[in-house]
Amino acid sequence: MKRLERTALALVLAILTGVPAAVFSYQALRDRQPREIFVVARTVERGGWSPARIVVRRGQKVRLRILAEDVTHGFQLLHFGVSAGAIKTGTTKIVEFTPDRAGEFPFYCSVRCSPLHMALMGTLVVEP
Amino acid sequence: MRRRLAGIALLVALGGGFLLFTGFFVHPRGGREVEVPLTVQKFAFSPPRISVEAGDRVTFRIRSLDITHGFSVEGRGIDATVLPGREVRVTVPAEHPGKIRYRCSVICGPLHPFMVGEIVVRPNRWPLWGGGLALVVGLLASAAVGRPGPRRDLLGWRPLRWLLTRRPFQFALIAPNLLAFTLIVLAGLVGTATGAMNFSTIFVWLAWWGLLVLFLIPLAGRAWCAMCPIPAPGEWLARRAIVERSERPFGLGWAWPKRLQNLWPAFGGLLLLVLFGLIVTTRPLVTALLLLGLALVALATHLLFERRVFCRYLCPVGGLLGVYSMAASLELRQRDLDVCRECRGKACFRGGEGYPCPTFQFPGGGMTRNTYCLLCTECLKACPYDNLALSLRPFGADLLVARGRRADEAWIALLLLGTALAHSVIKLGPWGWIKSWANLEGGPEFLLYAALFLGTVLVALPALHLLTAWLSRTVAGARRVKLGKLFVDYAYALIPLSLAAWMAFTLAVVLPNLSYIPRVLSDPLGWGWDLFGTRETTWKWVPLGVLPWAQLALLLVGLWGSIRVGRSIVEDALGDAGAVRRGLAPLVIFLVAIAWGFLALYLG
Ligand code: SF4
Ligand code: SF4
Ligand SMILES: [Cu+2]
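Here the protein sequences come in this chain order: S and D.
Quick note on this note's numbering: the first sequence kicks off at 5 and runs consecutively.
Quick note on this note's numbering: the second sequence kicks off at 10 and runs consecutively.
Hints may contain errors.
27 angstroms max Cα-Cα, derived DSS-like pairs, lysine-lysine [stated by the list, open to error]:
| no. | chain 1 | residue 1 | chain 2 | residue 2 |
| --- | --- | --- | --- | --- |
| 1 | D | K267 | D | K494 |
| 2 | D | K267 | D | K549 |
| 3 | S | K92 | D | K494 |
| 4 | S | K92 | S | K65 |
| 5 | D | K355 | S | K97 |
| 6 | D | K549 | D | K491 |
No lab work stands behind these hints, which were simulated from the structure alone.
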């Protein structure tokens, strides 16, 4: 095989494997952001909150970055007085709070997003 | 008689134009405050269309019946978010006669980009004026005599010839597209299911389709086929080489079955594609699977059969490109026919320094139309006499070539015209019911939609076309001419107009949605990334005010081209001058009516 041919083959393989590799490693890198939890809001029909169970520690500041993935959603955690308002599709909002009590607290979507909107619920677990 | 008719038509047209023109400068008679309760629901506004007088101020009281939507007026700064359970008031001043389009501005589901509504501001004389202009264009074009225009060989420019005859040239075109293809498939498979936020749907159906229809096809015909990543892996495998010319093919190398040596397989694929068009263009997963499926079929055919039979006979996009490439202003042909006659090896067809033509074309004399030339540049590399030319030429030159006209091509031309019309109604129109029918939301509704769609593109439009051919034959008194032949021949006259209609449609889809492109560049999978800081771009500078003018201009130019082509086709078919004049009339009327239909739909 000539050199040109080898270069082309290498390029093709690099494209076919490099794109997925780049995408997944970038995502993995983002997930390792230490002080931030990435939460995706989807309608119940599409799987609901992801993650639906968020575990944090009492007394430590929590920072949630919430992405509305399919339609406009909201985020409401009444026990700690947190409400993000409407999060338009494709945008993110950041909420910050410091849980001062341990226990399990529900969080909701606050903007009607589907017929099952009322069921779009997740749980915040505050460990002592 | 004909003179008088022409005079009357001209008067009518000028009158129409005058009326519209005065309508433009008329002092607004309105001045009322109009209040309109407007409900929004996936994926339509209700009422979908209202009409008011110029000078009125329309105040919408907007309420959402389901989830959050938006309300923004195209080409103006007005934008509001409509949360469920809360009424929003938005005032739109309707200053000028014409049509004001508004659309949903908060992504609300798959059909969100096509969720639109209309305010018709009276006196809207666009359709009248457009119709008048179409008539004038019709008369002028049918009177003009077409001349074969000059060709200019681009390969006379040495650097270009050098570039195109380098072996890695085609690979250099394919590689970036392969990169995009990989990302498209990946994003479609694992990225967000929201079409407006996924690289796959946006890049295929907005960026690629927009560039293809608005630039690549009219300027360079099938040039896309030279850089298409879909058949590339199969071809590389079958050739056992990516760049070099290898002589050890891999695979079975069967001949493609005779019965399928036509465009009917591509026609079938295209029909399915456009029937499910609304699903395909809004669902990332479907888009990815479609592309992947095409690539796999291409791979299989490359391993089983010789050359690029996939591109030649199977690819639905290939069928579309083939038919429209005849209208393009670029062609690849032999330079000097005598040299080809003397030529022993016929390397362009049989292979030599370069591969044999992948679509079985014989550019050294047998190829008179662009339809099946992929512009892959292999024959340039193969010909030992440098006897090939890549020339600029007048638009639509191949449509005048009588040799090689075929029923399969004609039917693709008809299908494409019908689809342009149907998709304009479905995607650009304000009617929500047909969108949800076409969106496979319910079985019976989808069947109804399918019947309506297929009835239009496979029955009604072809029937009108047949009627045109029959009328033309009857008034020309040319009984001896076969009706089937006229049906096929006349279909080629539709091509410029239908390409223009696709361009007008594509402009109206692409321009208002342009800012999705920087958005998905920053966040290709809809995972909340922001690679370039453009994930929340909204472009206000896009000149949407020019849209109606551009659509009008495109349709008139297309009509002009169609009638010029039509005239020359009628001349070929009917022969003597009197018969031609009479026989042309039904075709011109048909074409003007189609052009006017599009105008009325877009501007009325
Ligand atoms: S194009 Fe070149 S290779 Fe083909 S027939 Fe003509 S001279 Fe021969
Ligand atoms: S005619 Fe030449 S450029 Fe066109 S497809 Fe055949 S080999 Fe390629
Ligand atoms: Cu909407």
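Please work out if S/K92 and S/K65 have their alpha carbons no farther apart than 27 angstroms. Holds - the C-alpha atoms of S/K65 and S/K92 are around 25 angstroms apart, at most 27 angstroms.
Straight-line alpha-carbon gap S/K92 to D/K494, limit 27 angstroms: violated, 57 angstroms
Regarding the pair D/K549 and D/K491, is the alpha-carbon distance no greater than 27 angstroms? violated, 55 angstroms
Given the hint that D/K355 pairs with S/K97, does the C-alpha gap stay at or below 27 angstroms? Since the Cα atoms of D/K355 and S/K97 sit roughly 66 angstroms apart, the hinted pair is violated (cutoff 27 angstroms).
Under the criterion that the straight-line Cα-Cα distance not exceed 27 angstroms, is the pair D/K267, D/K549 satisfied? Given that 27 angstroms is the threshold and the Cα spacing comes to 54 angstroms, the pair is violated.
Could you grab the alpha-carbon distance between D/K267 and D/K494 and see if it respects the 27 angstroms cut-off? holds, 22 angstroms
Figure legend: structure checked against the earlier numbered hints; hints not met, in rising order: 2, 3, 5, 6.
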